[in-house]
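These protein sequence lines are chains G and D, in that order.
Residue numbers for the first sequence, in the numbering used here: 1 to 216.
Residue numbers for the second sequence, in the numbering used here: 217 to 432.
Everything labelled a hint here was simulated from the structure, so no lab data went into it.
Among these hints, one or two may not hold up.
Calculated pairs, BS3-like style, for lysine-lysine (alpha carbon to alpha carbon, straight line, at most 30 angstroms) [said to hold, decoys possible]:
1. D:400 <-> D:383
2. D:400 <-> D:339
3. G:123 <-> D:361
4. D:252 <-> D:298
5. D:383 <-> D:420
6. D:292 <-> G:32
7. G:170 <-> D:400
8. D:254 <-> G:32
9. D:339 <-> G:123
10. G:184 <-> D:333
There are 2 protein chains.
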Amino acid sequence: MEIAIYIYNGVTMLDAIGPYEILRNLKGVNIKFVAKEKGEIIADSQMVHLNAKYDIEEVNKADVLLIPGSSISFIKEMKDEKVLQWIRDIDATTQKTVSVCTGSLILAATGLLKDKKATSHWKPINLLAELGALPTRERIVEEGKYITSAGVSSGIDMALLLAKQLKGEKDAKAAQLVVEYDPKPMFNSGNYLSAEPEIIQYAKKQLERNARIIIP
Amino acid sequence: MEIAIYIYNGVTMLDAIGPYEILRNLKGVNIKFVAKEKGEIIADSQMVHLNAKYDIEEVNKADVLLIPGSSISFIKEMKDEKVLQWIRDIDATTQKTVSVCTGSLILAATGLLKDKKATSHWKPINLLAELGALPTRERIVEEGKYITSAGVSSGIDMALLLAKQLKGEKDAKAAQLVVEYDPKPMFNSGNYLSAEPEIIQYAKKQLERNARIIIP
């Protein structure tokens with residue numbers, strides 16, 4: 001089973017690595033990190049760098065396509081017709097096409113989410129409507145073969161659902177145990193709908209700082 | 217505030233990227249991914265590659281040092297006296313020295329955890345005793361300035377504690393909201409102490425497969 005994770009300059013690392021770490025622990029799964037061009041990919045923080053071993057010319061099918069999000073550079077990807085066409089082409093071959101965070105905005109820009117319910121990071125989620133999708137403020141939204149998940153860390157939960165669908169419950173549960181995913185956050189501050197207003201305002205400022213970083 | 221994350225061939229990506237993604241969203245934090253030698257670092261799965269921009273010669277102090285784990289190559293790191301001495305030297309400058317997963321075995325190999333309680337991934341945790349530490353099967357264990365966390369995904373929870381200690385509760389909560397860390401795993405299978413025996417056996421097989429991959 002081949003899983004393609006699309007990476008690009010400005011990507012949010014945990015969007016990609018959270019699901020990867022669950023899925024790579026499934027038997028018989030191979031994961032390719034695919035970029036428009038091979039070579040170095042810089043994360044949105046500009047503090048960490050991936051090395052893409054595959055470019056989009058080399059990968060023309062996948063059982064699963066995953067589109068991670070980014071702090072700001074999803075906007076550039078949404079306008080890159082070559083990338084969007086590659087996503088459409090791969091999607092035509094997938095069992096599942098999934099996104100994390102603002103990855104759903106890139107996916108929606110292809111037209112593939114038209115009239116479908118979808119989620120995204122809590123801050124830009126309403127942009128989905130402008131792209132023809134139906135913004136749905138839930139952690140994981142499934143519409144046929146499309147699964148979109150909310151901000152950053154939600155990709156881990158989405159990957160467990162995907163693992164169950166691809167390989168069955170036993171394999172998904174074992175992958176969860178391998179990565180000891182028994183989350184115990186010390187605060188209850190991860191959900192936009194229940195976070196304190198002061199924390200929401202403060203988080204928005206951080207997101208604005210993130211969005212000011214210039215990605216090459 | 218400077219955070220150094222030590223990376224090495226065979227590293228488990230989520231061990232490093234989980235905490236990174238929380239900590240990089242704190243104001244005024246800079247994170248350096250540091251390897252013994254600059255250049256490409258291959259993950260334990262051999263499916264994803266980082267590019268280390270700093271080597272250990274260049275980084276001689278940090279406010280926080282984080283040691284991530286690995287499927288098997290922690291054993292090599294535990295025997296590398298140059299790496300162990302670098303960890304001891306950086307530790308002499310830190311406010312906090314922390315580990316995720318089998319990173320605690322590398323940390324214990326330096327002697328810094330002698331007679332201290334520590335945790336690790338559920339499978340190799342008892343090796344801590346051979347290294348002079350006191351194995352403690354909890355998700356997060358704090359002993360003075362040392363914080364060790366359990367397998368892979370536990371580093372996200374540990375990073376929230378660290379964020380609170382470094383920057384205060386408001387900043388930690390905002391970082392949690394930025395990454396939408398409101399975990400909702402669909403299975404309750406991430407804890408060794410409560411997982412079904414059949415799942416534990418199956419997960420052990422996966423861990424054995426992981427450990428058979430040859431890391432350069």
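**Message:** Can you confirm whether the C-alpha distance between residue 123 (chain G) and residue 361 (chain D) stays at or below 30 angstroms?
**Reply:** With Cα atoms ~35 angstroms apart, residue 123 (chain G) and residue 361 (chain D) exceed 30 angstroms; violated.
So if I understand the rule, the pair passes when the alpha-carbon distance is 30 angstroms or less; does residue 170 (chain G) with residue 400 (chain D) pass? holds (18 angstroms)
* To do: For the pair we were handed, residue 184 (chain G) and residue 333 (chain D), check the Cα-Cα distance against 30 angstroms.
  => holds (20 angstroms)
Quiz prompt | Given pair status - residue 32 (chain G), residue 292 (chain D), alpha carbons within 30 angstroms | solution = Holds: residue 292 (chain D) and residue 32 (chain G) sit about 26 angstroms apart, inside 30 angstroms.
Pairwise hint evaluation, residue 420 (chain D) against residue 383 (chain D), where the allowed Cα distance is 30 angstroms at most | violated (38 angstroms)
message: Hint check: residue 339 (chain D) vs residue 123 (chain G), CA-CA at most 30 angstroms. Holds or violated?
response: With a Cα-Cα distance of about 39 angstroms, the restraint between residue 339 (chain D) and residue 123 (chain G) is violated, given a limit of 30 angstroms.
Q) Are residue 252 (chain D) and residue 298 (chain D) close enough, with their CA atoms no more than 30 angstroms apart? A) holds (9 angstroms)
- Hint consistency between residue 400 (chain D) and residue 383 (chain D) [alpha-carbon to alpha-carbon, up to 30 angstroms]: holds (26 angstroms)
* To do: Below or equal to 30 angstroms on CA atoms is what counts here, so check residue 254 (chain D) against residue 32 (chain G).
  => holds (23 angstroms)
ask   = Straight-line Cα separation of residue 400 (chain D) and residue 339 (chain D) no greater than 30 angstroms?
value = Holds, at about 24 angstroms.
Checked against the numbered hints given earlier, this structure breaks hints 3, 5, 9; the rest are met.
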